[in-house]
Amino acid sequence: MKKSARSWRLVLLVAAALAIAALVLAVAGCGGQTADAVAPAVPGDPSLTPVPMSADTILGAGASFPAPLYMKWGSDYNGGAGVKLNYQSIGSGGGISAIEAKTVDFGASDAPLAQAELDANGLAQFPMVVGGVVLVVNLDGVADGQLKLTPDLVAGIYTGKITTWDDPAIAKENAGVKLPSTKINVVHRSDGSGTTWIFTHYLTDAAGSIWAAGADKEIAWPVGVGGKGNEGVAASVQQLSGSIGYVEYAFAKQTGMTTAQLQNKDGQWVKPSIASFNAAAANADWKGSLPSMYMVLVNQPGAETWPITGASFILVQKDQADASRAKTTLTFFDWGYTSGADGATALDYVAIPANVYKLVEKQVWPTITVSGTPVWP
Amino acid sequence: MSTVADVRRAPPRRSVARRKATDLVIKVFAWIGAWFGIAVMAFIVWEVVMRGAGALNVAFFTQPTPQDVTSNAGGFANAIVGTLAITGVAALIAIPMGFLGGVYLAEFGRNGRMATAVRMIANVVMGVPSIIVGVFAFAILVKPLHHYSGFAGSVALAFIMLPVMARTTEDILNLVPNEIRESGLAMGAPRWKVTLGVICKAARGGLITGATLAIVRVAGETAPLLFTALSSPYWMTGLFGPGGFFGGPVANLTKTIYDFSGSPYPHWQELAWGGALVIIIAVLGMNILVRLLFQRGKEW
Amino acid sequence: MTRSLRLGDPVFRVLATACGLAVAVAMFGLAGVLVYNSWPAISGLGTSVLTTVAWSPVDHQYGALAALAGTFLSTLLAMVIAVPLALVIALLLVELVHPAVARVVGTAIEMLAAIPSIIFGMVGIFVIVPFIQDKLVPWLLTTPLGGLPGIKPGPQFQGGGVSIFTAGVVLAFMVLPYITAVSRDVLKMVPQVTKEAGYGMGSTTWEVMHKISLRYANSGIVGAVFIGLGRALGETMAVAFLIGSLFTSLPRSLFDPGTSIASLIALTFSEATDKIQVSALIELGLILFLITVVLQIIAQAWLRRVQRSTGGRA
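Chains as they are written, first to last, in the numbering used here: chain A, 1 to 377; chain B, 1001 to 1300; chain C, 2001 to 2314.
Since the hints were made in silico from the structure, they are not lab data. Wrong hints could be hidden among the right ones.
Derived SDA-like pairs: lysine to any residue, alpha-carbon spacing no greater than 25 Å straight-line [unchecked claim]:
| no. | chain 1 | residue 1 | chain 2 | residue 2 |
| --- | --- | --- | --- | --- |
| 1 | A | K183 | C | L2140 |
| 2 | A | K358 | A | A275 |
| 3 | C | K2195 | B | I1026 |
Can you make the complete structure from the sequences, with help from the hints?
In structure tokens form, the structure reads like this:
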């Protein structure tokens, strides 16, 4: 091989590497332009000071239940305030773990922590949004909202007592629905999940005679296969015909999956909808739940209530190190409470009402301090 | 004990036929096996191309990853840049160190006790599962500092690359004939000049191949980044600070593909396939490219 | 010039030695961090991690037997598929084809090694899983094979798509290129003279391979198998996609979902709150690390035997 040919090839490779490097720098520079400027303040924000660069990205992690909403809020808020919310959907267990390890600015969990655990880890907890957990099924020939399931049926399926779709117990409630004789493929969560917490509280409350596995973020499931996150459960049910799973409503609606009607505490058959979630949420006694704001919303009375409703909570460290970051984080939540209702409704979540926000702002947020001084307002 | 008479007896014809038949069957199996192996490889590439090609448009390469499940916008641009950055920094750490380590093994340590030990350890580290390396990087760089970072991801990848680079360098340098070393030293040049200037120049093709293949191999890794660089829907905002390379999570191709392919949204799944196609093109492309360009590289 | 001789060489030598030692330091650092972080679990749980079946953090049960069983079964299946396949392909590359063709075929097989794990996982979950659960398993269950223990669906059966079987099959193709490459290198080391002696006596290609090459390269093949084994045990992403997430019971059938050590760590590490849980996971990581180290050492030892017996550089 001639020396010139070898050198030519080397030059070619080096040139390619340099070109890629230049491209990377150019694009990274383009994307990071806002780093040089100071982000503008949120219009209408009570504090008019602009956000310093050290606080222009806030990192949250946790529940997949509210993930579609938080991520949408993140992109909306980024457009308005220039502050970037990076929300990682890793499950409520992951959110609790992350905020306790202080690797994130806030954690999200649908399974609220009891006051003892909050105190042990120096955390403040407040509800951000309310949503509904629905049963999704993958059955040919069954339309959305057509299948009817009583609490006992759901518990029977999830304990493995009812194994096929054409079981007489299911057929009894579903006259006229064409049910195949295939085995029911049960899908639950494989990770520590607040959605599981809500769902199992429902089963314990509404079908306690059949359901004996308890109510927690993670339980020893009698049957079924696990999916990671609400996303994984939805994907698993989509993949295998004859599957049933439980997911937050946005995951069912946004992907066009078939949901089931449930019989609520009053004996009424309800379809999942923001109205039915609202009906359940209206019963919440938030004032009585202070200071931890621990709340269970399953199986609420009312003709229209959706029986598997739950609130999703935010966890923050009470003792903050960086005042500007803490302020930016709370400013985002303030925006969520005051201006995020439209985004919530678009994804069928129930926004927390203004009077409850007042409670949070006056009772919980003052406990979030930097060296003793409250961060908010 | 066989006698001359035994040997002169002609072998029974059936036995020869059976031996030939067995031979033929094995040969057929060998061909089937080889074709099957290639078919699987082609099938995988084909599936990725078919499912991912539709996702590769201008938006894919310019827009950051989507956060809004209701819209069809979004791309993978920040993930691609993030992977380039993380892999680039990992290469900056591991390639020079690995190269010098390989020089040590080939030129200085050779068959000494320490070098043999280092060689064996390098072989062992190459087999360590990458998830363990990710846990290690989490334990030393994420947990104590209380934040995820692209740099932690780079360290994890560098850890994997280092022994690969060292062993590859050693193998390449060993192929260089001793005469070249001796003639360089005989001219009175110092050892380092001979090693860097003469031997490496002779082994240049192989070294570049080795380095490129090491980089490309870690570019496709997911497990080390799961608990280190995490992911982000935004562009990196510089080096430090919560949005920066050293200060916070950095978007990367593999973790994003992992997240999106596990999601139930068709648009996100399609984006994931697009990302997979980008990786396949980059990885297989670089593999083929360096082998073609530098044919005198390590004999694979 | 004498100046640079005085400074340049020692500096270079020290630098190179330091970098060489860095590899060793890195490994000991890794081992040390693993041991340190898993100590609470080792002292608190003892051997119960290896003897209890269920991994159930909510019950404070940290048994990895289900994960070990899943790792073992999926790896076994992968090796059963990959080793014979790799050997015949290596045979082809060494004996049956022209070197130029061998180069092309060999490169194509090696491209399998270059494909990242996550892509195997994606193709697995979107293409292979539906095929297995919709076509293969229903068909298999109608044949007599469907009643055999180990194939007959267990109580946790979920269609058989996301299962140990699928994970094992995909793993087989992930380790195939490694076993093939090492086997081919080892078979190439068999002295030409010995093979020619066999041919000269009228042996067929298979007989030369079988009675001469494989005997010679015996240890090397074993080494190759151990290398493939080590890779299969540590494979994370593809297995995490395909094996299911059943942490609480032993699989009764190849088509049941299960879990593996690596995928258990990958899927549950970020949400481990309990100190003991984190520690137990790192202990599992340590166990996996030790297993792969031991396998690598054995593999290297066997490979060196071949080099010595064929007169190569020991």
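Where does the structure disagree with the numbered hints, that is, which hint numbers, in rising order? Per hint list: zero violations.
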